[in-house]
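J.: Below, each chain spelled out in residue letters.
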Amino acid sequence: MSGRTEGGAQARASQTMLALFLRDIRLSIRAGGGALTGVIFFLAVIATIPFGVGPDLKLLARIGPAILWIAALLACLLGLDRLFQADREDGSLDLLVLGNERHMLALTVLTKCLAHWTGSVLPLVIAAPLLGLFMNMEPISIGATALTLLVGTPAITFIGAAGAAVAVALPRGGLLISVLVLPLTIPVLIFGVSASYGAVAEPDPFLQPFLILAALTLFLAVLGPAAAALALRHGTD
Amino acid sequence: MRLIAENLGGERGGETVFSGVGFALEKGQALVVTGPNGAGKSTLLRVIAGLLPNAEGRVSIEGGGEDFPSIASACHYLGHQNAMKTALSVAENLRFWREFSGEPVLDIEEALEAVGLGGIGHLPFGYLSTGQRRRAAIAKLLVSHRPLWLLDEPTAGLDKASESRFAALMMQHCRAGGIIVAATHLPLGIDGAKELRMGVTV
Numbered sequence: 000m001s002g003r004t005e006g007g008a009q010a011r012a013s014q015t016m017l018a019l020f021l022r023d024i025r026l027s028i029r030a031g032g033g034a035l036t037g038v039i040f041f042l043a044v045i046a047t048i049p050f051g052v053g054p055d056l057k058l059l060a061r062i063g064p065a066i067l068w069i070a071a072l073l074a075c076l077l078g079l080d081r082l083f084q085a086d087r088e089d090g091s092l093d094l095l096v097l098g099n100e101r102h103m104l105a106l107t108v109l110t111k112c113l114a115h116w117t118g119s120v121l122p123l124v125i126a127a128p129l130l131g132l133f134m135n136m137e138p139i140s141i142g143a144t145a146l147t148l149l150v151g152t153p154a155i156t157f158i159g160a161a162g163a164a165v166a167v168a169l170p171r172g173g174l175l176i177s178v179l180v181l182p183l184t185i186p187v188l189i190f191g192v193s194a195s196y197g198a199v200a201e202p203d204p205f206l207q208p209f210l211i212l213a214a215l216t217l218f219l220a221v222l223g224p225a226a227a228a229l230a231l232r233h234g235t236d
Numbered sequence: 000m001r002l003i004a005e006n007l008g009g010e011r012g013g014e015t016v017f018s019g020v021g022f023a024l025e026k027g028q029a030l031v032v033t034g035p036n037g038a039g040k041s042t043l044l045r046v047i048a049g050l051l052p053n054a055e056g057r058v059s060i061e062g063g064g065e066d067f068p069s070i071a072s073a074c075h076y077l078g079h080q081n082a083m084k085t086a087l088s089v090a091e092n093l094r095f096w097r098e099f100s101g102e103p104v105l106d107i108e109e110a111l112e113a114v115g116l117g118g119i120g121h122l123p124f125g126y127l128s129t130g131q132r133r134r135a136a137i138a139k140l141l142v143s144h145r146p147l148w149l150l151d152e153p154t155a156g157l158d159k160a161s162e163s164r165f166a167a168l169m170m171q172h173c174r175a176g177g178i179i180v181a182a183t184h185l186p187l188g189i190d191g192a193k194e195l196r197m198g199v200t201v
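Protein sequences, first through last, are from chains A and Y.
Under numbering that gives the first Met the number 0, the first sequence has 108 at position 109, and the numbering climbs by one with no breaks.
Under numbering that gives the first Met the number 0, the second sequence has 148 at position 149, and the numbering climbs by one with no breaks.
Be aware that one or more of the hints could be misleading.
Coverage of chain Y stretches by chain A, computed from C-beta distances (three or more under 8 Å per stretch; other residues unrestricted) [as the list claims (entries may be wrong)]: (1) 29-42; (2) 45-52; (3) 69-78; (4) 84-92.
To give an idea of the interface, some chain A residues facing chain Y are shown, with a C-beta separation under 7 Å as derived from the structure [unchecked claim]: (5) S13; (6) T15; (7) L26; (8) R29; (9) G90; (10) D93; (11) L97; (12) E100; (13) M103; (14) T235.
Honestly, the hints are just simulated from the structure, not real lab data.
Because the structure is a prediction, the values reported are computed rather than measured.
Ideal placement from N, C-alpha and C gives every residue a C-beta, glycine not left out.
This is chain Y alone, in the form it adopts within the complex (with noise of 0.2 Å):
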């Protein structure tokens, strides 16, 4: 599986705010996307997923099979927002979206377990703090099997001791053949991972 971006252009409410991008991934490969805030990282996630319309050039996933013909369907995207609802228990809302998704990979238990919120499932989110909102967030990708994953600022309020487990839940996604695109600021600890340093084009 390989996902492919060229001369990629971006814009929002008509200003571009990147162009010319291009990159190539392999399966088990990571693409870290640097720059000021401002740079275009966030639009460029949501132009790979599809969200925004690319301004030109082309992006492209070729080889996912039948279960993952285009982006959209082999793609988990993770943006600011954690997509939960803090009326539901954190079970609740991860349970609606392994069925919602598909192809269903673990438990709830054990992906809650995996980011460390092993036992809190019953609470409802809205009780949980920022850092935990985040990994009940991530936890989100666990429970249902994508290929590729896209990620805006996934680090963003998690401590020290979570950040490491993500890194090795990233990792381990990476060897088994996965492919992520992140978004961030700080050092997400991805070992050999490419990284695309974004400037402002203005």
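Looking at chain A on its own, in the form it has when it is part of the complex (with noise of 0.2 Å):
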């Protein structure tokens, strides 16, 4: 570090890593950015339940909650492969990797996976409440679910994003990271059903589920990136 003060490095820091966040958002929303696929296969999944279920309201309500959020769990997986694979190809990740030195690599994988999630998973949330009238469900067994997910979902970037940095060398690597990162991912996703279960099911608790969801992601929002960076650091060739 310079030899600057501590508060100018932060900030120097945080403004740097706003910078990559912008990009980032910017290159998700712009042609070719892939952040509409995600939404895409959410909705289609969702869409088709109902034919497959058939037209049992009850039966539908009842599964809402977990076909929502299984759902959402692929769809997060969807766009993973290319989160450091983008960089990777156009010279860009050298540079990040070499960055390491200025700002931890970390961090800058967790501004890529907060960037990403902004991008390509926030919009799935957005969309999970209008879905969720597809299925039958209650106004407050919608609303925990989005809640849920909104919890959620970061956790199964930050997974993810340990997966794509193992796999980022690999051309058509999207269903090995999957393959390696879906087992990771369930406590996640029992943990945000089971709190979706609970906002409806009157003796299943809501709170205790809820809470350890959140726990999960704030604990996966430090060891994901951090695995992350080894990964790179170690990988590139």
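The task is to assemble the complex, starting from two chains supplied on their own in separate frames and drawing on the hints.
T.: As structure tokens, this is what we get:
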């Protein structure tokens, strides 16, 4: 670090990370950014379920939160392979890794994760209440599911970042990342769905699983980027 | 400031690409690395930057002070790829790297003027020709200050006029106390540059 004051260094780091965040958001919404693929996939899955399950409204309402969560989980995994691969292909990743001396690579990865989440996953969370109507869910159940998705999906992105970093050099790494990451996301899914059910099914608690979900997200916000940074640091060739 | 490499060796996938490379560069000096394809020029640059582990020996920078304690913090690395996003405009790309790298020097517009791309900052990077892309990537070296430039085939795709303009930029960097290590096939036109010839070791 430079000889300037600690506060100045922090201000510069946050400015740098803001620049990276805005760049990644811009990239995701411009042509070919793929921000909408996740939402369209999510929409397609949820719209298909009622046709497959049949016109049993009670059943749809009962499985609604679980279906929303599973579809959101799969949609989250969809765009993860591009998280670092696009930067690797055009050489930006080398420079991001070299920037490690000025601002920790884990922080850079965290920023990229947050930008990815805002660009590709937040639209899913916003679309979830609308799709909840397709599943004949009650308003309170829709609200609880959207809230758990809001709190829980960042965890999936953070785990996914570690998978994406490991598979960054593989040209068709998308499926591999999904397979690597899926088992690790199961706890997030379990607590997300049980909190969503807890809000409507009376004896079940809402708060406890919801808090564990929040804790998982916070925990993985540290672990995921640190693991991804380690993999990227040793994966350059 | 000094860049010192001693008995440096590099490998790719377990195969030794080069070994026993040593040099010492004072500030203001340039080193041109030449050699046939596969001699390990790019690998050498990546080892110096720290993007690849060195198989043997060591490379370090001395006298960088608090701002540039290590090679990674003191270098601009210009690889084969330009590290620019085709979906963003040239100015957006440069502005991002200026913010990300820190130590800002030239304005975006000044840097683009210096490489002969004045007035096209608003165009998406993807619309540019190969040579123009390379020049925009060179402008990236000018927007933030680094004493050490590691250049991998910097003039690939450049026309004669751009080559000589870039040579002038490199000489200016050296006169200002910078160090350049460039891997190339083509003469770069830096006066007084040292030369390191790499042969195929296999």
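J.: Give me the numbers of the hints this structure contradicts, sorted from smallest to largest.
T.: Of the numbered hints given earlier, those the structure breaks are 1, 5, 13, listed in rising order.
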